[in-house]
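Peer 1: Here's the letter readout for the chains.
2 protein chains.
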Amino acid sequence: MAECITSLQNKYIKLAAALKQKKYREETGLFAVEGVRLVEEAARSHYRVDTCLYVPKALEQKRVQDILNRFKNSGTRVLAVSNEAYHKVTDTQEPQGIMALVEKFQPDISDLLASEKLPLLLVLDHLQDPGNVGSAIRSADAAGCTGVILSRGCADLYAGKTVRSTMGSLFHLPVLENVDLPAFLAVCKNNRINIMITTLSDARVYFHVDFTRPVAIVFGNEGNGVTASLLPEADERLYIPLKGKAESLNVTAAASVILYEAVRQRQYMG
Amino acid sequence: MAECITSLQNKYIKLAAALKQKKYREETGLFAVEGVRLVEEAARSHYRVDTCLYVPKALEQKRVQDILNRFKNSGTRVLAVSNEAYHKVTDTQEPQGIMALVEKFQPDISDLLASEKLPLLLVLDHLQDPGNVGSAIRSADAAGCTGVILSRGCADLYAGKTVRSTMGSLFHLPVLENVDLPAFLAVCKNNRINIMITTLSDARVYFHVDFTRPVAIVFGNEGNGVTASLLPEADERLYIPLKGKAESLNVTAAASVILYEAVRQRQYMG
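Same order as they appear, the protein sequences are chains A and B.
Just so we're aligned, residue -15 is where the first sequence starts under the working numbering, counting upward by one.
Just so we're aligned, residue -15 is where the second sequence starts under the working numbering, counting upward by one.
No lab work stands behind these hints: they were computed from the structure.
Any given hint might turn out to be false.
Same chains, same names: a pair is fine if it fits in one copy or spans any two.
As a list, the in silico DSBU-like pairs of lysine-lysine whose alpha-carbon atoms are at most 35 Å apart [what the hints assert, rightly or not]:
#1 227 to 46
#2 -5 to 72
#3 4 to 229
#4 -2 to 229
#5 7 to 72
#6 41 to -5
#7 -2 to 227
#8 4 to 88
#9 227 to 173
#10 72 to 101
#11 227 to 145
#12 6 to 227
#13 72 to 6
#14 229 to 145
#15 229 to 7
#16 145 to -5
#17 46 to 173
#18 145 to 7
#19 88 to 229
#20 -2 to 145
#21 41 to 101
#22 88 to 101
#23 72 to 229
#24 41 to 229
Put together the whole structure using the sequences plus the hints.
Peer 2: Listed below in structure tokens is the structure:
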């Protein structure tokens, strides 16, 4: 068996622990991914995995052995670490004992538009909750979106909770972070992508709207909705009718409802 | 100003703190609701509020004054407590300094069926995550459901995180907890309510299913789906098609998508 890192001062242990903080994720261009399934997804994706840390006990799982072999063959640094050292780097309450340090990857907007699929873009404007951002990316993946755009000021895509909430979907479709939305919406206009903004004022019920066109659909902050200065850019304003006494839907729920209306309508296209 | 409770041994402080634990919620039949908006919702609802605790600083808000006046008029016990005492009872990281101890209220199944509205029932089978249970109740409220049914083994309806995630919807529509699902589905059958179960096997795409009939829609556990022994009870089995590479949708997202397909279809009914 490989030697096992026990020192909490080891540079990879210090690096992995530091990645819990956004500052160090930005400085290094790396983020951490934990658990068998998510590390598998990272390994299968086009993301470059810099380093993989694991505790020897995790080797009892065949899936972990397979991942490690794959990493060894592809030149990823693979390090066995003690339980104590792993405890320092983990961000979860019930760690599975395997973590990948992954290089951030940001597609260009032009990559996003080069897809041959009919554009279905999910745009998140200043969402605050990492769980909401992650779950919305998961729903976008499920609905076959061609990309997700996170505005400047959204919860960090690479925070542990966001990554976990994507359930791996981060590795499945292009996700752009830290995007200047006015500039992005201008690109949409130039590329004949319809800009749809969710808002309660002067809006149509979402299921009366035609989603069989190329569309980018904008959802706003949990408390305040979409930034007011973006509203004039909308080709369509839409809302979800509330039938009971709830004041609003959770933003992930709202995005899922509207994206699946697009799925439904597109099902019946020529 | 009223006298302010400072002792951490005060019986109401001890009671409120104990309600963080399910055991004491069951023993007393009470649960705690925190924050201005949720306490307002409780005050306006048909739930009986036993006691309201607040810190004097919260009185700076007109809304808090209004709530307290309402409680005083309706015979609810209203107690000012010190910041330190409040700190002991709160379950949130940024407490707003007002908490209501509310009596649990469980409608009968017959109350649920007595509604004049076309039945649209959300049934949650062994959901584990309190946030999912709470958000699903919020979506059910938004979609105008006539009730929500939580099976035995669901995350506790009255846990702090569940109550917070409902955003007040708990007080808007009948929510039954701890329900024996086989017995409940038998009642549905007797009342000509169509039982729809979400499952991947031998199922139809949800938007091909007719939701303009009286329906109860069952969603399963986050990892394992709906309990297998319930499947034979289904009048319809349905699923949400996955267009990308995601393995599944978050259960709240899934419930929102299907409940809103029911809203859409019912919009066009005679």
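Peer 1: Go through the numbered hints given earlier and state which of them the structure violates, listing their numbers in rising order.
Peer 2: Result: hints 7, 10, 17, 21 break, sorted rising.
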